Amino acid sequence: MADVVIIGAGAVGCAAAYELAKYKLSVVVVDKESDVCEGTTKANSAIVHAGFDAEPGTLKARLNVRGSEMMEELSNKLDFAYKRNEAMVLCFDKDISGLEALKEKADKNGVKGVSIISGDEARALEPNLTDEVQAALLAKTSAIVCPFEMTLAFAENAYTNGAEFKLSCAVTGIDKDSGGYIVHTSKGDIKARCVINAAGVYADRIHAMVSGTPLKITPRKGEYMLMDKTAGGYVSRTIFQLPTKMGKGILVTPTVHGNLLAGPTAENIDDKENTSTTKQGLADVKAKGSLSVKNIPFNKVITSFTGLRAVGDRGDFIIEECSDAPLFFDAAGIESPGLTSAPAIGEYLRELIEKRIPLEKKEKIAETRKGITHFAALSEEEQDKLIKETPAYGKIVCRCETVTEGEILDAISRPLGATTLDGVKRRTRAGMGRCQAGFCSPTSMALIAKKLGIRIEDVRKNGVYESEVR
Amino acid sequence: MKNEYNIIIIGGGPAGMAAAIGAKEAGEEDILILERDGVLGGILNQCIHNGFGLHTFNEELTGPEYAERYADKVKAMGIPYELDTMVLDVTALSDGKKAVSVISSKRGAVTLTAKAVILAMGCRERPRGALNIPGFRPQGVYTAGTAQKLVNLEGAKVGKEVVILGSGDIGLIMARRMTLEGAHVAAVAELMPYSSGLKRNIVQCLDDYGIPLLLSHTVVDIKGKEKLEGVYIARVDEKNQPIEGTEEYYPCDTLLLSCGLIPENELSSGAGVSIDPRTNGAYVNESLETNVEGVFSCGNVLHVHDLVDFVSEESTRAGANAARYVREGKAAKGREVSVTVGNGVRYTVPSRISLGALDDMTHIRFRVTGVFKNVSIVIKSGENEILRRKSRILVPSEMLDIILKREKLEGLSEDINVFIEEVQQ
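Each protein sequence line maps, in turn, to chains Z and G.
Here the first sequence is numbered in the working numbering, starting from 2 and rising by one per residue.
Here the second sequence is numbered in the working numbering, starting from 118 and rising by one per residue.
Think of the hints as simulated: they come from the structure by calculation, not from any bench.
A quick note: this is a predicted structure, and the numbers were derived from the prediction, not measured.
Accuracy of the hints is not assured; some may be wrong.
[To be verified] Stretch-level coverage of chain G by chain Z, calculated; a stretch enters the list once three of its residues show a Cβ under 8 Å from a Cβ in chain Z: (1) 178-187; (2) 195-208; (3) 239-253; (4) 265-279.
[Unchecked claim] In silico lysine-lysine, DSS-like type, Cα no more than 27 Å apart, as pairs: (5) Z:LYS287 with G:LYS340; (6) G:LYS223 with Z:LYS280; (7) Z:LYS389 with G:LYS223; (8) Z:LYS78 with Z:LYS287; (9) Z:LYS386 with Z:LYS78; (10) G:LYS342 with Z:LYS217; (11) Z:LYS451 with G:LYS342; (12) Z:LYS452 with G:LYS223; (13) G:LYS223 with Z:LYS287; (14) Z:LYS301 with Z:LYS249; (15) Z:LYS386 with G:LYS223; (16) Z:LYS167 with G:LYS344; (17) Z:LYS280 with G:LYS119; (18) G:LYS340 with Z:LYS452; (19) Z:LYS301 with G:LYS356; (20) Z:LYS301 with G:LYS119; (21) G:LYS525 with Z:LYS451; (22) Z:LYS386 with G:LYS119.
Heads up, the beta-carbon is just placed ideally off N, CA and C, and yes, glycines get one too.
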């Protein structure tokens, strides 16, 4: 019997596992996908929000600010990419009351380093802003992060500290049992004392398996366009917009790896799997992005994608023990700033559990996690040394992002390693560049096929293998 | 292994090999070819169809056969080459030499220097993301060249029911290749009202197999969350915008993209080489030298060719010119004129000509902007007409090569203009 079963291996589920694995608990993470980070976590703005946007007094505000405070140290301990690049919220109106309201919220939420600047001051900092910008809120603590690496870092550290991961494992039902719960999955039953529901857009369905209380999650579609690294320096800060008569704004931001990202749109839908982009959505990203930043090089788009935010029905995160299901904890409705809040949500879930079950820290845990060595980020001396130790680092597989065979072998060999092309891509950036895997995919596929002992044409881009391969 | 060379050639495909041979034949002994792949030959190795070498060898060879002839020659001439070697950076140094940072399992990470560098890195395919096709991002969407590599080199089966977007040569070749592999190719959709592939490929790869070519059509939606299930193809108007109501659903498990090739000039840009937005390749003079002295460019990294024979010819010249640069240093180039484009001409290579350093023959290569029938190609310098050549048909898919004798160019004072004159019937 597991002490805690966490349903969902996204940012929230993995952050909870990271936190709980430090304690004398048996922790099992289950996910229907073949990899961690396959849902909302893999397709979002990748922003560490400062915390000026959330309504003061809400769980969202508290966990956002706390998550933002935790992130830098975590990125050092767990070895994931993070950069404090600051943010601006642009106001296109002479009336700047919208910005003043945000500033007030920032103060109430305890966000430091927030000020209002004029349009000219904003343009002095970001020369590519449009002339329509009248004023801006500047937030010094805003940052960007790699959501894939962050989630993998939580998962790998949790794994090292004893958490078990059952992937390609869909939850089909949950029954209450004398000792807690029986979680029925596509890979058999798991007995659990506690359950954490971190199932993203599916959190309402998981919730309904044990509880009669209402909970509805609406997927909110957000379409994005990602541009080549040669466009990455177009803005250095994350550029938000105050809502305008065109609706809720979109952002333009550099990514932590130096690309330029514009999006997301916001459209509520019913289909929890509809991650398709649309002609209209991409047109909206272009039109609204151009309101903030002039001449965005949309001719340098290398890919477009859609993410689904899991929007709850209470206007706030829903993180609580179910009133009619003891020791069943929802972590639901984790929309923006969910990525930022994830580590704080993990901490908060542990506090909720601790109130019900006495927890004891393990005597010895791994405090840190070492990520995959990113060859391109090393100096020539370091590269030389690495190649001489391990010649596979002297072989480039992905030309665009300078990813070596050594990195890909690490990605598919390490614990919770990649079994799909997208898994390799998220871990190493092979295929993430301007040719979008044209050159590297045959080699990556061959390396995966060899590792899994399958035919090259059976290597999947994503999703679940029909028979067990891991 | 030494670290200093007279000429370093980046790329061991058809361009790099021909450049090396050209340099060696011009008397240069100290050459190194750097190739990122495990064999010489570049993209030719996966082009197992025939049709290569008609101009160069007067016979029809397959890609690997054509590559082998050059590779054999490189080896016979004793030109050093290093495989599985990636160049990460090229920098022009203050003393005129070039620093070339490379990595390989053999060398580790090291910076080499060269008096001259020849850029011969080839091109890449335009990916789906750059085409902004809406829809899902499932497995089963490949660029045509990636599918070609999987089928021809990895022996993998790529799909059973295929749609191809774009009628570039690789797309056409792959329509036939997939058919021979037992797949059914439902259609080739082409955005433009004409194909961007060679006529002979349309006949031999589509017509012979009854594969429809849908001109003025494009893919407007991609279905299937994890694996491709089908695509919607719609007709486009004269502005290339999809016409609503014309969408037709094609169930398929494979979508191949043959929508353009982009010279891979990231290294060139890093070295300070100016790039021509029309070709995405370097601006060069008649010696194929870029704006950075001692850095030459040839083959598909300079401008995308339709025939490898032209690549070899061009690259041999680049090699000979690099050898001359090493031998003589900065040449007295004399007066320089620009080569400008007029009606119907998209670009020219070269874009400038130094009149003081002319070879016996100067090539001007270019492509037209659309389909032209019964026209004349005209080259003028001011009012001075240098060339007028009648042509029954000109198409954008075929690169044109005009060779001008030294006498035609010597003593010119005004820029050279290349244009198409549409003659009255």
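Taking 27 Å as the top limit, are the C-alpha atoms of Z:LYS301 and G:LYS119 close enough?
violated (39 Å)
Given the hinted pair Z:LYS78 and Z:LYS287, is their alpha-carbon gap at most 27 Å?
Violated, because 38 Å separates the two Cα atoms, which is more than 27 Å.
Given pair status - G:LYS223, Z:LYS452, alpha carbons within 27 Å:
Since the Cα atoms of Z:LYS452 and G:LYS223 sit roughly 25 Å apart, the hinted pair holds (cutoff 27 Å).
Check the hint pairing Z:LYS301 with G:LYS356 against an upper bound of 27 Å on the C-alpha distance.
Distance of about 21 Å is within 27 Å: holds.
Take a quick look at whether G:LYS340 and Z:LYS452 sit within 27 Å of each other, Cα to Cα.
Answer violated: G:LYS340 to Z:LYS452 is near 30 Å, above 27 Å.
Is Z:LYS386 close enough to G:LYS119, meaning Cα to Cα at most 27 Å?
Given pair Z:LYS386, G:LYS119 holds - Cα atoms ~19 Å apart, limit 27 Å.
27 Å limit on alpha-carbon distance, applied to hinted pair G:LYS342 and Z:LYS217
With a Cα-Cα distance of about 24 Å, the restraint between G:LYS342 and Z:LYS217 holds, given a limit of 27 Å.
How does the segment 178-187 of chain G fare against chain Z when you require at least three residues with a CB closer than 8 Å, holds or violated?
Violated - the segment 178-187 of chain G has 0 residues with a Cβ nearer than 8 Å to chain Z, which falls short of three.
Coverage assertion for the segment 239-253 of chain G with respect to chain Z, Cβ distance below 8 Å, three residues required:
Our answer is that it holds, as 10 residues pass the Cβ test (under 8 Å) against chain Z, meeting three.
Closer than 8 Å Cβ to Cβ for three or more residues is the test here. Does the segment 195-208 of chain G pass it with chain Z?
holds (count 3)
Holds or violated: Z:LYS167 and G:LYS344, Cα atoms, limit 27 Å.
Status holds; Cα separation ~23 Å.
Sort out whether Z:LYS451 lies within 27 Å of G:LYS525, counting only the CA atoms.
The hint is violated at about 61 Å.
Checked against the numbered hints above, the structure breaks hints 1, 6, 8, 13, 17, 18, 20 and 21 and satisfies the rest.
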